[in-house]
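There are 2 protein chains.
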Amino acid sequence: MTNNNIPNIVALAGGVGGAKLAYGLYKTVPADKLTLIINTGDDFEHLGLHISPDLDTVMYTLAELANPQTGWGVQDESWGLMQAMRRYGGPDWFDLGDQDLATHLLRTEWLRAGQSLNEVTAELCDRLSIGCTVLPMSNQPVRTLVDTSEGILPFQEYFVKRRSEPMVTGLTFAGAEQAEPLPSAVSTIQQADLIIVCPSNPLLSIDPILAVPTMRALLMEANCPKVGVSPIVGGAAIKGPAAKMMAELGLEVSPVGVARHLRDVLTGWVIDTIDADYTAELVSMGLTVQVTNTIMRTNEDKIRLTKEILDEYPAFER
Amino acid sequence: MTNNNIPNIVALAGGVGGAKLAYGLYKTVPADKLTLIINTGDDFEHLGLHISPDLDTVMYTLAELANPQTGWGVQDESWGLMQAMRRYGGPDWFDLGDQDLATHLLRTEWLRAGQSLNEVTAELCDRLSIGCTVLPMSNQPVRTLVDTSEGILPFQEYFVKRRSEPMVTGLTFAGAEQAEPLPSAVSTIQQADLIIVCPSNPLLSIDPILAVPTMRALLMEANCPKVGVSPIVGGAAIKGPAAKMMAELGLEVSPVGVARHLRDVLTGWVIDTIDADYTAELVSMGLTVQVTNTIMRTNEDKIRLTKEILDEYPAFER
Chain V
1 MTNNNIPNIV ALAGGVGGAK LAYGLYKTVP ADKLTLIINT GDDFEHLGLH ISPDLDTVMY
61 TLAELANPQT GWGVQDESWG LMQAMRRYGG PDWFDLGDQD LATHLLRTEW LRAGQSLNEV
121 TAELCDRLSI GCTVLPMSNQ PVRTLVDTSE GILPFQEYFV KRRSEPMVTG LTFAGAEQAE
181 PLPSAVSTIQ QADLIIVCPS NPLLSIDPIL AVPTMRALLM EANCPKVGVS PIVGGAAIKG
241 PAAKMMAELG LEVSPVGVAR HLRDVLTGWV IDTIDADYTA ELVSMGLTVQ VTNTIMRTNE
301 DKIRLTKEIL DEYPAFER
Chain X
1 MTNNNIPNIV ALAGGVGGAK LAYGLYKTVP ADKLTLIINT GDDFEHLGLH ISPDLDTVMY
61 TLAELANPQT GWGVQDESWG LMQAMRRYGG PDWFDLGDQD LATHLLRTEW LRAGQSLNEV
121 TAELCDRLSI GCTVLPMSNQ PVRTLVDTSE GILPFQEYFV KRRSEPMVTG LTFAGAEQAE
181 PLPSAVSTIQ QADLIIVCPS NPLLSIDPIL AVPTMRALLM EANCPKVGVS PIVGGAAIKG
241 PAAKMMAELG LEVSPVGVAR HLRDVLTGWV IDTIDADYTA ELVSMGLTVQ VTNTIMRTNE
301 DKIRLTKEIL DEYPAFER
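Chains as they are written, first to last, in the working numbering: chain V, 1 to 318; chain X, 1 to 318.
Derived by calculation from the structure, the hints in this document are not laboratory data.
Each residue gets a CB set at the ideal place from its N, CA and C atoms; glycine is no exception.
There may be inaccurate statements among the hints.
[Claimed, not checked] Simulated DEER-style distance windows between Cβ atoms:
| id | chain 1 | residue 1 | chain 2 | residue 2 | range |
| --- | --- | --- | --- | --- | --- |
| 1 | X | Asp76 | V | Met167 | 39 to 47 Å |
| 2 | X | Glu165 | V | Ser129 | 32 to 40 Å |
| 3 | V | Thr172 | X | Glu45 | 31 to 39 Å |
| 4 | X | Glu45 | V | Pro183 | 28 to 36 Å |
| 5 | V | Gln69 | X | Ser164 | 43 to 51 Å |
| 6 | X | Glu165 | V | Arg163 | 50 to 58 Å |
| 7 | V | Arg260 | X | Asp76 | 50 to 58 Å |
| 8 | X | Gly114 | V | Thr288 | 51 to 59 Å |
| 9 | V | Gln69 | X | Gly170 | 49 to 57 Å |
For reference, chain V alone in the conformation it holds in the complex (with noise of 0.2 Å):
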């Protein structure tokens, strides 16, 4: 199914929050015209398993599994493997749920008899019935690294272990130099008619995608409207450490802070009624503003809001 019509869209995202959005746009348009690039900065090697936690997230939204409540991991989980890891004293500190850990399983085998990172997710997504393109970054590694105020830790680490509360003071993308762009992703970027950035974390979510080599220049050169939804609302992140480490960045923590910090691959920027203030400064960055309510709550704010970004652009008007 092709409709040469319909513009082609592509969406970066991270975990939770650019997982709302993304589910907003894979119900809207369709699935052939849409296109994630996903952030793997966050994979890491656990138990011998290979994680990818933000492609999980977007899957599992996406395929309607994804656990409401938390807004990662399965619904209607089990947790018998961490109730036995426990009684062995084994490693708890990373929530491995029993379905979830059919994905760890699956993707880690593949991986291992050979096939890259996105062949796994493709397959993955095929056998969830997921209809549009699920891309990781890159099929080579990148790791980010956190630079804090107690070393140099490893994001899961941070994030996890440590619950994010480590003074951040750098961040490294380690392998970014060496890895290169999916091929698919480079031609379905220069052909598209719309680049969404969704409203991860800069820093930990939209930056390593942008580290892998010649992805943020095919970005900027793209030649069509690059909209982002801020993920800054009220001078908070509706969910994880953005808030937080843009401050000890020294970015101002504002949907003008992250605009700022983007900057070269945006064209127009979604931002909150709650912050209708900013629009004045964010127009003078010569940047397209929307204003509208962009908190997602319940999977009809996810199209509502989606709607709303498409229907500014003619090409979509429906």
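Since the structure of chain V is provided, determine the placement of chain X on it from the hints.
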């Protein structure tokens, strides 16, 4: 804690049946006097995990974690992983319980880090507070292959995937020639005051142990009582395919058939009262015969049978 006046016991065991008598021994003799040597011919790799079914069954049984209905696996188990695996259309022919998975993940991780199977087993037993010594029959991989009417099948494919249905024409213990017994198993057998052959499948559980080079000779040379309990009672196996396989391989399906098969490494044989008629024939084979109720349904049964066996040997008079 050593009790130098108390005899050393070595028991050979496989899975469910063997684990029952192993439990009886564990509850009856001082832990530091008991060494269990466990079949690893059933071990296999599945979804990247190293699974040792017989070691697990023995560990779970001794730790009072075993599922009392099945005899294998963990009690109060959950099955979230299998549910998700079926959602993916992934391999679901081998039941992996959620709690059980902690064992497989830790074992696999530690083996990959360079520990031997014996070291891993000791660590797992230690963490489950199992006081006696549980030894794999070898640190080297030995894999039972079943020659069948449908070709050669790896053991778990024969046993689980094909439910022991194909007719068996032979058994091979691949890797056995390159395997070595553990040095601690050798010295413990040489110092044993009593050797017990638990009521495990003689072809699938005891033969692989005897196939490890020097193991059969060591047991033959051991100058102590060597007592087995018949796994065949009333012409049938208590559990599993022992009777069917024995018949297919032309062995007499009776306590005599098993005793003949294991004659090299036995001085005594314990049979069920229902099989009392075989006593004369077994005695004529030179075996010391004990007739009692050998069916172990409850933990009390396991301990009673153990005590009855030990009471036959003056060293164990209490």
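Hints and how they fare:
Restraint check, Asp76 of chain X to Met167 of chain V: a C-beta distance of roughly 43 Å satisfies the suggested window 39 to 47 Å. The hint said 32 to 40 Å for the Cβ distance between Glu165 of chain X and Ser129 of chain V, and at roughly 34 Å that hint holds. Between Thr172 of chain V and Glu45 of chain X the Cβ separation comes to about 36 Å, which falls inside the hinted range of 31 to 39 Å. With their beta carbons about 34 Å apart, Glu45 of chain X and Pro183 of chain V fall inside the hinted range of 28 to 36 Å.
For Gln69 of chain V paired with Ser164 of chain X, a C-beta distance near 45 Å keeps the hint of 43 to 51 Å intact. A hinted range of 50 to 58 Å for the beta carbons of Glu165 of chain X and Arg163 of chain V is consistent with their spacing of about 53 Å. Arg260 of chain V and Asp76 of chain X have their C-beta atoms about 54 Å apart, which keeps the hinted 50 to 58 Å range intact. A C-beta distance of roughly 58 Å is found between Gly114 of chain X and Thr288 of chain V, which places it inside the suggested range of 51 to 59 Å.
Checked against the given bound of 49 to 57 Å, the beta carbons of Gln69 of chain V and Gly170 of chain X, roughly 56 Å apart, stay inside it.
Hint violations for this structure: none, all hints satisfied.
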